[in-house]
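K.L.:
Residues per chain are reported as follows:
There are 2 protein chains.
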Amino acid sequence: MELWFTEKHSPNIGLTLKIKRCIFHKKTSCQQLDILESLDYGKILLLDGLVMITERDEFVYHEMITHVPITAHPDPKSILIIGGGDGGTVRECLKHAGLERIDLVEIDGEVIDACKKFFPEVSQGLNDPKVKIRVEDGIKFIKGQHKNYDIIIIDSTDPIGPAVGLFEKTFYQDVFNALNTDGIVVTQSGSPFQSTETWLNIFKNLSSIFPKTSSYLAFIPTYPSGLWSFVLASKTAHPIKDMRYDYARQLGARTKYYNHAIHKSAFSLPNFLSTQLTSNGQTYIDHLHE
Amino acid sequence: MELWFTEKHSPNIGLTLKIKRCIFHKKTSCQQLDILESLDYGKILLLDGLVMITERDEFVYHEMITHVPITAHPDPKSILIIGGGDGGTVRECLKHAGLERIDLVEIDGEVIDACKKFFPEVSQGLNDPKVKIRVEDGIKFIKGQHKNYDIIIIDSTDPIGPAVGLFEKTFYQDVFNALNTDGIVVTQSGSPFQSTETWLNIFKNLSSIFPKTSSYLAFIPTYPSGLWSFVLASKTAHPIKDMRYDYARQLGARTKYYNHAIHKSAFSLPNFLSTQLTSNGQTYIDHLHE
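Here the protein sequences line up with chains B and X, keeping their order.
Just so we're aligned: the first sequence equals residues 1 to 290 in my numbering.
Just so we're aligned: the second sequence equals residues 1 to 290 in my numbering.
Bound conformation, chain B alone (with noise of 0.2 Å):
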C-alpha cells in the first residue's frame, strides 16, 4: 500500500507527504486530533486536516514565534503562552533563564496529552517546574488580566475553528492590558503569500491599539507556499534596535534556525508585501530601518 496525505493550501493547491503510519485519531471536544508518520518529515500533529507541526521542521516555527520577541524585550521576567499545546514555544522559553514565570493556556487538553506521549522532543518542557499549564480558552483568560505579563505569544491554530477569536480587534485590546508597561506580543499570522489579507488585517488590528508593530518572516516548508509571518506589536521596544546583541549572539549557540542576523533580516519584507504596509505616511521599511 502507498499512503499519502495531502493539504490543501487551496482548491488548487496541495503539498503531499508519503505516509509510513497512521499513529493517533481522536475527535476531541474542541477539533479533529491526527498524528501520522511521514518518511520524509517524520511524526505530524494534525488539527482539523491542517499539518500543525512535522518532526523535521517544527523548530522554525517555535524558535522564530519565541526567541524574536523575548530577545528584544529589555528584561522579560514572565510570559503568557496561548495555545501552543504541543510544547514547542515553551522548550524555546525554557533556553531563557531569566523567565520565572511560563503560563501556557491551551483549550485542547487532548492536544497536550498527545503531544506529551508522541511528541516528547517537542514537549519535554511541559513538566518544568517554571511552567503553568492552564486547560482553558485563552480569550476568556486574558480578560482577567492586568498587567501580568512582559511577553504573550498567540500560539495558535490560523483563523478558522476554535481560534477564530484570537485574531479579532476585542481579543487584542484585552492582550494589550494584559501586558506590562514595556510588554511585546507576537502572534503568528499566516502564509502573507497565500493569504495576504489574513496577515493585513491582523497587522491592521495590532496597529490600530500598540504604539509599534511589525512583522516579520520565517522559512516552514510543510506550511502553505513555505513563507510564514508574525506581527509583533510592543509598548515601547523596538524590535531590531533594541535586540540585545550579545544577549543574541549566546542564545545563536543553541538554535537551529535563530541567529543575531536572521532576528535582523527576518524583519525585511519583499516589495510585495511591503509595500501594502504603511506607518505615518512612511513607507515600511523606512518606518522599521532607519
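Simulated from the structure, these hints should not be mistaken for laboratory data.
Computed from a predicted model, the values in this text were never measured in an experiment.
Be aware that one or more of the hints could be misleading.
Calculated cross-link-like contacts (lysine to aspartate or glutamate; reagent style EDC-like; alpha-carbon spacing at most 16 Å) [to be verified]:
#, chain 1, residue 1, chain 2, residue 2
1, X, 140, X, 100
2, X, 95, X, 55
3, B, 140, B, 103
4, B, 8, X, 2
5, X, 18, B, 103
6, X, 8, B, 34
7, B, 212, B, 242
8, B, 27, B, 110
9, X, 235, X, 197
10, X, 8, B, 40
11, B, 8, X, 40
12, X, 77, X, 108
13, X, 140, X, 103
14, X, 27, X, 113
15, B, 18, X, 100
16, X, 132, X, 113
17, B, 116, B, 34
18, X, 18, X, 2
Starting from the known structure of chain B, fit chain X onto it as the hints suggest.
P.N.:
What follows is chain X alone, placed relative to chain B:
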C-alpha cells in the same frame, strides 16, 4: 475531468497543482519541454518534468538572481547569462540602463522559441537591441572568453541532464577567467533545505577559486521546499558592504520582491545552514556581517 500536475521534490514529497489545460509538449534535442496552465500559478514551464517558472512567482527568482550582483558591482557594463532562455533574467537586466552588453547563451533554442510564444511577459526583453542571443553550450562558449564580462549569471536547471557541467570546478575556473578584474558571478544553487549537499558543493567549488564567496536566499513557493539559494562569488566586491545604496533604493521602486533591505537580509542564513560554512576559521555570519 480533474487534472493535477505533481512534482516530486523527493520520492516522498510532492507539490501538486490543479491544471486548467495542457498548452505545449515537445521533446527538444536537449530535454522534454512542457507548458501547462494552472489555476493558481498561471502558466508553468517545465523542463524534464521540473517546474522552471510559473507566471505567478517567477519574479522572485529573476529579480534576486539579477539585481543582487548588479547592485553589488561598482559599475557593470557587460553581462553574460548562461541558460535563462525564458528571458526573465534579461528582462530584469534591462532595468539597468548602465548595462551596454547583455549576452545570453542558451543551449536549447526551443526554450527561447516556446517562451517567446507562451510567456510574453517573461520573454519581452529578448528582442531588445542590447541583447545578443547565442544558442550554444555555455561550457564551450566560456572557454573562449578572457576578461570580457563584469557579471556572469548562471541561470541554469539543477545539476541533472544538460546542466551537470555548469556545477563543476573547471567550469567555475573558466568563469573566473571570463570575468573582468572586479567581476562577480552568481549561480542558482538549489534548495539548501532539500539538497544541502548540492548547495554546499557549489559554495565550496566557487570559494576555492574566488576571493569572496557568499550565499543568499529567496522564497520561491513552487520550488522544492519553498526556500531557494544562490551563491555569489566576486573578485573584489563585498556583496553587502559594496551594495550601491541609493541605486538599490531607486531600483526598489520597479521591483516586486527585491529592495535594498532584502538585498542585505537575504545573506543572513539560518543556523542549520550558516554553521555548515566557515571562512578562514570565522563563522559565516561573522565573516559576512562584521
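K.L.:
If a hint holds in the structure, say so; if it does not, say that too.
P.N.:
Do the hints match the structure? See the list:
1. X:140 with X:100: Outside the cut-off at roughly 23 Å; violated.
2. X:95 with X:55: violated, 19 Å
3. B:140 with B:103: Holds, at roughly 15 Å.
4. B:8 with X:2: holds, 15 Å
5. X:18 with B:103: Status violated; Cα separation ~44 Å.
6. X:8 with B:34: violated, 24 Å
7. B:212 with B:242: holds, 12 Å
8. B:27 with B:110: Within the cut-off at roughly 9 Å; holds.
9. X:235 with X:197: violated, 25 Å
10. X:8 with B:40: holds, 12 Å
11. B:8 with X:40: With a Cα-Cα distance of about 12 Å, the restraint between residue 8 (chain B) and residue 40 (chain X) holds, given a limit of 16 Å.
12. X:77 with X:108: Violated, because 26 Å separates the two Cα atoms, which is more than 16 Å.
13. X:140 with X:103: holds, 15 Å
14. X:27 with X:113: holds, 13 Å
15. B:18 with X:100: Violated, at roughly 50 Å.
16. X:132 with X:113: Within the cut-off at roughly 15 Å; holds.
17. B:116 with B:34: Cα-Cα ~14 Å, so holds.
18. X:18 with X:2: holds, 7 Å
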